[in-house]
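In the order they appear, the protein sequences are chains A and B.
Letter by letter, the first sequence follows residues 6 to 117 in our numbering.
Letter by letter, the second sequence follows residues 787 to 900 in our numbering.
In short, the hints are calculated from the structure, not lab data.
All residues carry an ideal CB built from backbone N, CA and C; glycine is no exception.
Just to be clear, a hint being listed does not mean it is correct.
Stated by the list, open to error - Taking CB as the label site, the calculated pair distances span:
(1) Ser-813(B) <-> Ser-13(A): 34 to 40 Å
(2) Thr-23(A) <-> Thr-898(B): 37 to 43 Å
(3) Asn-17(A) <-> Gly-814(B): 25 to 31 Å
(4) Glu-61(A) <-> Glu-804(B): 31 to 37 Å
(5) Leu-75(A) <-> Thr-806(B): 27 to 33 Å
(6) Lys-864(B) <-> Ala-15(A): 34 to 40 Å
(7) Val-50(A) <-> Asn-857(B): 47 to 53 Å
(8) Arg-66(A) <-> Glu-804(B): 44 to 50 Å
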Amino acid sequence: SQKIEQNSEALNIQEGKTATLTCNYTNYSPAYLQWYRQDPGRGPVFLLLIRENEKEKRKERLKVTFDTTLKQSLFHITASQPADSATYLCALDAGLADKLIFGTGTRLQVFP
Amino acid sequence: DAGVIQSPRHEVTEMGQEVTLRCKPISGHNSLFWYRQTMMRGLELLIYFNNNVPIDDSGMPEDRFSAKMPNASFSTLKIQPSEPRDSAVYFCASSFSTGFNEQFFGPGTRLTVL
């Protein structure tokens, strides 16, 4: 069955550094992948979508890569700020219309 | 637009009671999703509807769970009878179905079954 793995432990980085989060998947070849941000007590919020034929996507300080050979996506936040502290979820197309399969998320903590 | 609306925001009930969670999707969206989130299992899709029709309910844990979407602006998720292991945060999300679109999540309902 499809399996998605994200860094299970929290990622702690210093303000101004680049945060890199990993999403690995197995037993599947998704047509696209999405990244969401979730703050405590709130629902996930969409950040970026990248398709299987795209290597990289950027949006302001965010960058996502998609390596279908390695079956991996990397999510980068450059010049990180304490306000970037949240849990980040990757979600893969499940091959059925709009269905997504979510990873368990990585908690990012940016300290001053 | 007010976004996806869920009610109640918090629900505390006793084991064996019926629980009904409600969702109003964003106007114009034609796909609706119910998720459950726990620390142990993360965000799990329970069921999703497209144009008010259930498309995939393979994530519904058992017969105690049921979901309906009587019209494009309202959906319910019912648990009867509830059990302590159903305690979780339940999210509703909606999207405009094109196969690639983002999902918009509601604030969630935190359910505690004692």
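Quick rundown of the hints versus the structure:
1. Ser-813(B) <-> Ser-13(A): 34 to 40 Å: 38 Å, holds
2. Thr-23(A) <-> Thr-898(B): 37 to 43 Å: Distance hint for Thr-23(A), Thr-898(B) holds at roughly 39 Å.
3. Asn-17(A) <-> Gly-814(B): 25 to 31 Å: 41 Å, violated
4. Glu-61(A) <-> Glu-804(B): 31 to 37 Å: Violated - the Cβ-Cβ distance for Glu-61(A) and Glu-804(B), about 49 Å, lies outside 31 to 37 Å.
5. Leu-75(A) <-> Thr-806(B): 27 to 33 Å: 44 Å, violated
6. Lys-864(B) <-> Ala-15(A): 34 to 40 Å: With Cβ atoms ~36 Å apart, the hint holds.
7. Val-50(A) <-> Asn-857(B): 47 to 53 Å: Given range 47 to 53 Å: violated, Cβ gap about 26 Å.
8. Arg-66(A) <-> Glu-804(B): 44 to 50 Å: Since the Cβ atoms of Arg-66(A) and Glu-804(B) sit about 47 Å apart, the hinted range of 44 to 50 Å holds.
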